[in-house]
Amino acid sequence: MDALNKLPLNIAAAIRGLFGDPHSIWADLTMTVIGIILVIVLIVLAALILILLERKVGGWASQRPGPNRLGPRGWFQTIADALKLLGKEDVTPAEADRFIFKIAPMIVFALPMMTLAVIPYGMGMVPIDLDLGIIYYLAISAISTLALLMAGWGSNSNYSMLGGMRAVAQMISYEIPLIFSLLGVVMITQTFSLSKIVEAQSTIPFIVIQPLAFVIYFIAGIAEVNRAPFDLVEADQEIVAGPFTEYTGLRWGLFFLGEYGNMTATAALITTMFLGGWQGPGFLPGIVWFFLKVGIIIFLMMWIRWTFPRMRVDHLMGLAWKVLLPLSLLNVLLTGLGIYIYQYVLRIGG
Amino acid sequence: MENKEILRKRVDELAAKVNGDVQEILNTLVLTVKGSYISETLTAAKNFEEVPCDFLHDLTALDLGEQFAVVYQLSSLKGPQTLRVKALISRDTPVIDSVTRIWQGANFLEREAYDMFGIQFKGHPNLKRIYLWEEFEGYPLRKDYETESIEKRSVMLKMRPGE
Amino acid sequence: MTLERTEELALNLGPQHPSMHGVFRMIAHFDGEIITKIEPKIGYLHRGLEKLAESRTYAQFIPYTDRLDYLASPHNNMGYVQAVEKLAGIQVPERAEYLRVIFAELARIASHLVFIGSLALDMAGWTAWGYCFRDRERILDLFEMTAGSRLTVNAMRIGGFSQDVPDEFWPALKSFLDDLPEMLEEYQGIFYGNEIAMGRMKSVGILPKELAENFSTTGPVLRASGVKHDLRKDAPYGIYDRFDFEVPVLNGCDSYDRGLIRLLEIKESAKIIRQAMRDIPEGPIMAKVPKVLKPPVGEVYHAVENPKGELGFYLVSDGSTKPARCRIRSATFINLQLLPAISIGWKIQDVIAIFATLDAVLGEVDK
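Chains D, L and V, in that order, give the protein sequences. For the first sequence, the positions run 0 to 349 when numbering that gives the first Met the number 0 is used. For the second sequence, the positions run 0 to 162 when numbering that gives the first Met the number 0 is used. For the third sequence, the positions run 0 to 366 when numbering that gives the first Met the number 0 is used.
One should not assume that every hint holds.
Said to hold, decoys possible - One side of the interface only, derived from the structure: several residues of chain V facing chain L at Cβ under 10 Å:
1) 297
2) 299
3) 320
4) 323
Said to hold, decoys possible - A partial selection of chain L residues facing chain V, derived with a Cβ cut-off under 8 Å:
5) 17
6) 21
7) 24
8) 25
9) 55
10) 57
11) 61
12) 106
13) 107
Calculated from the structure, these hints are not laboratory results. In this text the structure is predicted, and so the values were computed from the model without any measurement. Built from N, CA and C at the ideal position, the CB exists for glycine as well.
Take these sequences, add in the hints, and give me the full structure.
See below:
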């Protein structure tokens, strides 16, 4: 099993070995390009699988079959949908702000690519290992607000505009409890590096020590990726599809890819921060553990989406400012106290 | 049966006042008045002592040839009384007072009657066609409205061979 | 000094819009997220049923009534055929009367299930919607067994019922009624008891009693504003006076009560069906009705308590085979006027919920 665990590292070392100097700039560049390609493949694959999974979970939740025509038990449905999207005409509204309109989906798609690049997928398997991984992650994921506002503004449609406005209001509000809930983990581990945080959880995952932070991050994370019950941005019963209303074909598909990529990124960060990342009992390789945990978080998100009605905009804000923010501050306080007491006990004991 | 007798009495009194005519058709009292008396009649009916007819069920119109009748179906949520009031107006000048001041619920109903019969309701806040589009010509539920024959309407029949 | 000014936003909702039931259209004006003005526009499904009736014989018009409130077509059939029977003085056999009641109440349950499902769906509660449509399926199966069609049942005839129910109908109906309490519990749990749904509907879209009466509101919308008015009790038609049931009344006047009252009504409908199943006699299902029906000169206004409210037929006969005038008083057409009145000042999301609680069916609104 250890061999399996180390297999990706060995492959990487072999590739580096092809160069004269395994640590030359060319070797590093090659490895980075391979890493980015793998991340893109991950996003596309994740979107393909997750869209199908979403429909299957939706069918399961409301007791209907879900997609079941194309391929064995409907497994090819997403592929057919993706092909259909490729064949659609690319329409830009006449009154749209063309540059902003066209660039917005690209930004939405690029962001999960950038965030997923810093996640440790297995032992030593970090495409780009940053010392300030958490800060980088939060900074990048916050840009998606801007992309949605650009899409809403650029489309020059009232539905889109309302959706873009909602996106800004909602995501900025939820950013704050989101960041504060991660602070507890950082206080314990004394590091911003995601791979070090995973290593710190080799004995016990932080969900046990920081249950409150986990719950806050989970809720705020769902809000951050605009999923039900916080999907006010694309509330189809009210504003049709929010910022995505005017998009067609592949551009619209990019939004979808971005959405599911963001969802994967959030689940990956939850796994890394609270569930021990790739750590797990030795009978499975680390990367399998990692994706298993990500899958469970994503399934929970889908389950919630298909069960709960959508929140109202004022309740949504109330939840962020009146409940989650005080609770996350309380969590920081409790963590600080806990660390202080722990160190005190250690000092007595030592 | 007492309710019915009281109602009959009240309606008779009212009919004398507004120069109307009372009939009983299939167990329902029908009060027919001139169109110009309608506001007065309905206000009085709404405030009948003991048997108020204060709930407007329906408002529609009938094409009687020389005249139109605007028909009001009244009853109450407080008792079993029902009353039908018919207001007769001439075909050439189909104008009648709006009852939206008495019942706000008459708003759509009067618009519908205007749409279908071309009856003008004086004092209606927003008298526009409701089902049909503004440019539509004619009033479909009038008896003299001619519906286009299927030959005229059908796109298929208008097509030339090879089209 | 700068002057801050916010601009009003006009939003067109419908006729093609995910939340619009059918082809309703409204133009909503917003200040931020707050509604300042609503203009409802209808007529996209107008088929001129009243005009069509004047060129059809009395019996020929029955299938058209199915297309009024297409979620509860047996009710429309019943209102129309009873109006004609009243006009022509036809006595209906007992068994047919009972079958009519069973079908009408089943249709009420089916219609309310669609209501609950679509109300949940308008708030993105997909699962509740799935549950409701899953259970409604069983009622449609019952209709299909008897009349062959599921939505536009068209089972009633002037003077009786089109055909007797098959033998497998009764056990299927019984098992449905036995499962019903459990289903209602499920809806209660997944939707009505949900914190988010309650937060969105409680104290929202207040419709005071006086306003409701003044607007000629009928049906569950009126009863949720604290007025006890149900034609099945207050002006019994058919054989409704033989059944023992309650008329649920709620005093909340808000969206939540307008939603909840449908759930309570389903229970009462089930009660009526059980009594009808118990009492239904054997016998013929059609009265002797002349092939060419010529009701005497006269007029009649007959109203039934449709799931959405009062459905009235005002028939005027000139003694010929065709009605001189067939006026349809549809409940949601009139209830829909409330929308601008009760949604000003609420948020766009609330208005979607308020509109859903009015339970408009455009087949009936547009006629």
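Status of the hints after comparison with the structure:
Hint status for residue 297/V: holds, given a least beta-carbon distance of 6 Å to chain L, under 10 Å. Nearest Cβ of chain L to the Cβ of residue 299/V: about 5 Å, under the 10 Å cut. The hint holds. Interface restraint check: residue 320/V against chain L, minimum CB-CB distance 17 Å, threshold 10 Å, status violated. Annotation: interface hint on residue 323/V holds; nearest CB of chain L at approximately 8 Å, less than 10 Å.
Because the beta carbon of residue 17/L sits about 21 Å from the nearest beta carbon in chain V, more than 8 Å, this interface hint is broken. At about 15 Å, the closest approach between the beta carbon of residue 21/L and any beta carbon in chain V exceeds 8 Å, and the interface hint on this residue is violated. At about 6 Å, the closest approach between the beta carbon of residue 24/L and any beta carbon in chain V falls short of 8 Å, and the interface hint on this residue holds. Taken as an interface hint, residue 25/L checks out: its beta carbon lies about 5 Å from the nearest beta carbon of chain V, inside 8 Å.
Because the closest C-beta pair between residue 55/L and chain V is about 5 Å apart, less than 8 Å, the hint holds. The restraint placing residue 57/L at the interface with chain V holds, with a minimum CB-CB distance near 4 Å, inside the 8 Å limit. A distance limit of 8 Å between C-beta atoms decides the matter here; for residue 61/L the minimum to chain V is near 6 Å, and the interface restraint holds. This hint holds: residue 106/L has a C-beta 6 Å from the nearest C-beta of chain V, less than the 8 Å allowed.
Annotation: interface hint on residue 107/L holds; nearest CB of chain V at approximately 5 Å, less than 8 Å.
Comparing the model with each earlier hint shows violations of hints 3, 5, 6; every other hint is respected.
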